[in-house]
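Chains as they are written, first to last, in our numbering: chain C, 1 to 198; chain H, 1 to 93; chain F, 1 to 647.
These are calculated hints, taken from the structure and not from any lab test.
Among the clues, some could well be false.
Residues from chain H that keep clear of chain F, each with C-beta distances beyond 10 Å, as calculated [what the hints assert, rightly or not]:
| # | residue |
| --- | --- |
| 1 | Gln3 |
| 2 | Phe5 |
| 3 | Gln9 |
| 4 | Ile11 |
| 5 | Gly12 |
| 6 | Leu19 |
| 7 | Met31 |
| 8 | Ser32 |
| 9 | Gly36 |
| 10 | Thr38 |
| 11 | Ile39 |
| 12 | Gly49 |
| 13 | Leu50 |
| 14 | Val54 |
| 15 | Ala58 |
| 16 | Tyr68 |
Residues from chain H shown here face chain C by an in silico Cβ test under 7 Å; the list is partial [said to hold, decoys possible]:
| # | residue |
| --- | --- |
| 17 | Phe13 |
| 18 | Leu40 |
| 19 | Phe55 |
| 20 | Ile67 |
| 21 | Asn70 |
| 22 | Gly74 |
| 23 | Ile86 |
| 24 | Met89 |
Just so it is clear, CB atoms sit at the ideal spot from N, CA and C, and this is done for glycine as well.
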Amino acid sequence: MKIDNSLPLEYGTEENSLKILGFWIFLGAEIMLFATLFATYFTLVNRTGSGPTGAEIFQITPVLFETILLLTSSFTVGLGIHAMRIGRQKAMIAFFSLTLLLGLAFLGVEIFEFYTYVHEGAGIQTSAFTSILLTTLGTHGAHVTLGFFWGLFIILQVKKRGLTPQTTNKAFIFSLYWHFLDVVWIFIFSFIYLKGMM
Amino acid sequence: MSQLFPMKQVIGFVFSILLTTIALAVYFLDMSFAAGMTILLVTAFIQAGLQLVVFMHAGETKDKGAIYTNVFYGLIIALVTVFGTILAMVWDM
Amino acid sequence: MDFFDRFAVPHPSVAIYASMAAIGLTVIAVIAGITYFKKWGYLWREWLTTVDHKRIGIMYLLSALLMLFRGGVDAIMMRAQLAVPENTLLDAQHYNEIFTTHGIVMILFMAMPFIMFFMNFVVPLQIGARDVAFPRLNALSFWLFFMGAMLFNISFVVGGSPDAGWTSYFPLAGNEFSTSVGTNYYMIAIQIAGIGTLMTGINFITTILKMRAPGMTLMKMPMFTWSALIANVIIVFAFPVLAVLLAMGTLDRQFGTQFFTMDNGGMDMLWANLFWVWGHPEVYILILPAFGIYSEIISTFARRNLYGYKSMVGSMVIISLLSFLVWAHHFFTMGQGALTNSIFSITTMAIAVPTGVKIFNWLLTLRKGKIVFTTPMLYSMLFIPLFTLGGVTGVMLAMSAADYQYHNTMFLVAHFHNVIIPGVVYAMLAGLHYYWPKMFGFMLNEKIGKWTAWLLSIGFVLAFMPMYASGLDGQARRMYTYSEAAGFGLLNMISFVGAAIMAIGFVLIVYNIYYSTRYESRDISNDPWDARTLEWSTHTPVPEYNFAILPEVRSNEALWDAKKNGHVLFKGEYEKIHMPNNSGIPFIMSCIFFVWGFSFIFSLWIPVIVTTLGIFGCMALRSFEQDHGRYISVKEIEETETNLRGA
Chain C
1 MKIDNSLPLE
11 YGTEENSLKI
21 LGFWIFLGAE
31 IMLFATLFAT
41 YFTLVNRTGS
51 GPTGAEIFQI
61 TPVLFETILL
71 LTSSFTVGLG
81 IHAMRIGRQK
91 AMIAFFSLTL
101 LLGLAFLGVE
111 IFEFYTYVHE
121 GAGIQTSAFT
131 SILLTTLGTH
141 GAHVTLGFFW
151 GLFIILQVKK
161 RGLTPQTTNK
171 AFIFSLYWHF
181 LDVVWIFIFS
191 FIYLKGMM
Chain H
1 MSQLFPMKQV
11 IGFVFSILLT
21 TIALAVYFLD
31 MSFAAGMTIL
41 LVTAFIQAGL
51 QLVVFMHAGE
61 TKDKGAIYTN
71 VFYGLIIALV
81 TVFGTILAMV
91 WDM
Chain F
1 MDFFDRFAVP
11 HPSVAIYASM
21 AAIGLTVIAV
31 IAGITYFKKW
41 GYLWREWLTT
51 VDHKRIGIMY
61 LLSALLMLFR
71 GGVDAIMMRA
81 QLAVPENTLL
91 DAQHYNEIFT
101 THGIVMILFM
111 AMPFIMFFMN
121 FVVPLQIGAR
131 DVAFPRLNAL
141 SFWLFFMGAM
151 LFNISFVVGG
161 SPDAGWTSYF
171 PLAGNEFSTS
181 VGTNYYMIAI
191 QIAGIGTLMT
201 GINFITTILK
211 MRAPGMTLMK
221 MPMFTWSALI
231 ANVIIVFAFP
241 VLAVLLAMGT
251 LDRQFGTQFF
261 TMDNGGMDML
271 WANLFWVWGH
281 PEVYILILPA
291 FGIYSEIIST
301 FARRNLYGYK
311 SMVGSMVIIS
321 LLSFLVWAHH
331 FFTMGQGALT
341 NSIFSITTMA
351 IAVPTGVKIF
361 NWLLTLRKGK
371 IVFTTPMLYS
381 MLFIPLFTLG
391 GVTGVMLAMS
401 AADYQYHNTM
411 FLVAHFHNVI
421 IPGVVYAMLA
431 GLHYYWPKMF
441 GFMLNEKIGK
451 WTAWLLSIGF
461 VLAFMPMYAS
471 GLDGQARRMY
481 TYSEAAGFGL
491 LNMISFVGAA
501 IMAIGFVLIV
511 YNIYYSTRYE
521 SRDISNDPWD
531 ARTLEWSTHT
541 PVPEYNFAIL
551 PEVRSNEALW
561 DAKKNGHVLF
571 KGEYEKIHMP
581 NNSGIPFIMS
591 CIFFVWGFSF
601 IFSLWIPVIV
611 TTLGIFGCMA
621 LRSFEQDHGR
631 YISVKEIEET
641 ETNLRGA
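Work out the full structure, taking the sequences as your base and the hints as a guide.
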């Protein structure tokens, strides 16, 4: 296998650089996926029927927690990649584990938030607004859940196989995914929560 | 230890917390809808750009042309879809 | 027994029972045949687990041809029903089901795989690559598409076909008005196939951007590769919209959400809006590769380089952006204001400009060319005038004020068939004749091919021109019958005759394949058409590694450059070649997807959970798997090359 040493290990082989570009293109598709959800959200946001409005159910505290947790996890996964690039396997695993723990905490808060909504009479069947609200948040949450398991598998592989062109490539692509979820959250935070509570 | 915390990423993180705090102003302060939306749009897009360049290393290889084209193309189509939909379904209905 | 009642067709007839028996017998015959000839091992090793883009391409082709006939039968039944006033061949419900499945099958399960076939088979050869960027993902794309298509097709005999039109507008597609599981089939089957298509998009963009032969800059890519690149860009940004839309439709139908309902704030018009956000780019996904194929064929058989290469590329890039800016022209009459309609009217008319540029480029390529009228060229020459006619009526429809007259009439039906048949279907058939020798090592018979092209064109004109007239007279689309007093009888009878002639044309294609397989010469060169691009520079049949030595390219017509200017394409020594291993995971995972989809459609939640875990299990397995591929040694390459050169 040809390994190009002028680049970080995760780009090292030709296959690796194909995978990274391919994943970027996948993220392009993800932009459109969330854009469709946002388009639907903005269309239906005031169509609350007999259900509650956003201002009635949104609470700043859990949302702030979620935001801080996810922003920090995005920072730690970035540090994980940095550690990986300077060959510090243990530090990398530590940062990745921290990232996943923060992700898990985020999911915990989100589940609590959903539970509260349903209790307040804002279930997914209540109105067009609650349908799209919970679908958008749920889609993001499902992405985080998937990312959790994906990240876990990568930690296991790095532990077992060390920092090879394959494992570093997977870890780097995972980090792209995780940062992207953070970007999506920023938009959810700004245009669903803050706009709704303004 | 310090080599595990590169300056660029630490500053990036501080910046993203700062932008979040600025965005929170629309909740805690009383302002018009237009002013609030302006703040949210500006902070959200700067944050997104920050993640892209600082954390996602979008521009580090020779594929950066393809990557940026892809992201901007996606962004343009996404904005067209969102605003076109709002135009047809809400504003002009 | 209650449990099994749900699988019964809600509205049975003799035709459906007959098809059930026919489908059952065919399946038994196929299984028995494979077992008798002991071909299971061969099938598994060489086809079901293959990651070779050429074989995947051929499987796409077979699926597309199969679906062409399924959709064609739907079409001929519709025309037969409408041939005379107050006909009772079909009742309203069957007619609804048939026009619905005709649309979906033809667009998503015939035209799309046909395009995928060309992209799979041609693009890697045309850019001088050994495979696509992600061969295993490519296999998964195909199998997901295939399982989606099969799932959709069994709706006919298990549970009932969808009947809300291929656009499946709510509230008609909601639970209240579509009570059978038919629309669930629509949501889930298209979702599965759509995931496959999205992955193809990602795969081919990466392939085209990263795996071109040395020296092939973007502006030296052959035109078909350019068109494939642009079409895949559109796929990547349009198909996620469809995925979200179908998911919301599923939630509405099966989980009681309120997206498109009539109360609690639901907005049925949003379905139409988002459907066309995907739907309009979708038509460009179909037509751009078709344009690419015409460009290759016209320049080959005019024996000239393509006129205006740069403007061709530029117009496609503009079309790719504009295709996302015109969707509201599908529902001008839905009630949005004049501002919206005017904006979308203007963008729609604007898209005719880059399309017109392409037409003029083809005409100027023909000018002073030494035109050879082969079958592919004949299709291309029939395409130009017929397609232009369809384009002109498109501009008529683009004017929102006038559209109130045309909307939902047969005029519209005539228009979109007028662009899709000469535009896409002719390109597929022209390309089929053109690339057949590269795939199978013999040509399709030219005489039968030309007869087919003429029959299809005569049939097409007879079938669709009368619809323009009856549409302007007020005949609505999707009506299963009309009164004698309406006066549409004669025009519809002419349409039926046209459709019958087209049917003969399609049967002739099958006959041609049969005839040519038996009688056509196997003694053809690697380049039987005297063509211009790289796919013709390698052997026929193409070895699994495509090129023993990767070509070096210095123009957009690399082979022509080699033939006329003596440029040496293949320089250097043989080196061992890295190839991907076959894998059963894509096929198995897609089978699980099939069961998942089927269970989901019937709301059988326990199998849904089990299969969901199965799908994630396959992904986890893939994550932990270590597969570095294999190498073909220099000795093997030498042997293969000697054998192929001797042949």
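Problem set entry | Whether Gln9 (chain H) stays farther than 10 Å from all C-beta atoms of chain F, as the label says | holds, 27 Å
Exercise. Can the hint on Leu40 (chain H) be confirmed by a CB-to-CB distance to chain C that is less than 7 Å?
Worked result: The hint holds - Leu40 (chain H) has a Cβ within 7 Å of chain C, the shortest such distance being about 4 Å.
For this session: Hey, is Ile39 (chain H) genuinely clear of chain F, shortest beta carbon separation above 10 Å?
Result: For Ile39 (chain H), whose nearest Cβ neighbour in chain F is about 28 Å away, the distance exceeds 10 Å, so it holds.
Problem set entry | Minimum Cβ-Cβ distance from Val54 (chain H) to chain F exceeds 10 Å | Holds, because the least Cβ-Cβ distance between Val54 (chain H) and chain F comes to about 25 Å, which exceeds 10 Å.
Exercise. For Thr38 (chain H), which was marked as not at the interface, is the minimum beta-carbon distance to chain F over 10 Å?
Worked result: holds, 24 Å
Exercise. For the hint on Met89 (chain H), does the least C-beta distance to chain C fall short of 7 Å?
Worked result: holds, 5 Å
For this session: Take a quick look at Ser32 (chain H) and tell me if its Cβ sits farther than 10 Å from every Cβ on chain F, holds or violated.
Result: holds, 25 Å
Exercise. Would the least Cβ to Cβ distance between Gly36 (chain H) and chain F come out above 10 Å?
Worked result: holds, 24 Å
Exercise. Measuring from the C-beta of Gly74 (chain H) to each C-beta in chain C, is the shortest one below 7 Å?
Worked result: holds, 4 Å
Problem set entry | Beyond 10 Å from each Cβ of chain F, as asserted for Gly49 (chain H) | holds, 20 Å
Exercise. Minimum Cβ separation between Gly12 (chain H) and chain F greater than 10 Å?
Worked result: holds, 28 Å
Problem set entry | Cut-off 7 Å, beta-carbon criterion: hint that Phe55 (chain H) touches chain C | holds, 4 Å
The earlier numbered hints are all upheld by this structure, with none contradicted.
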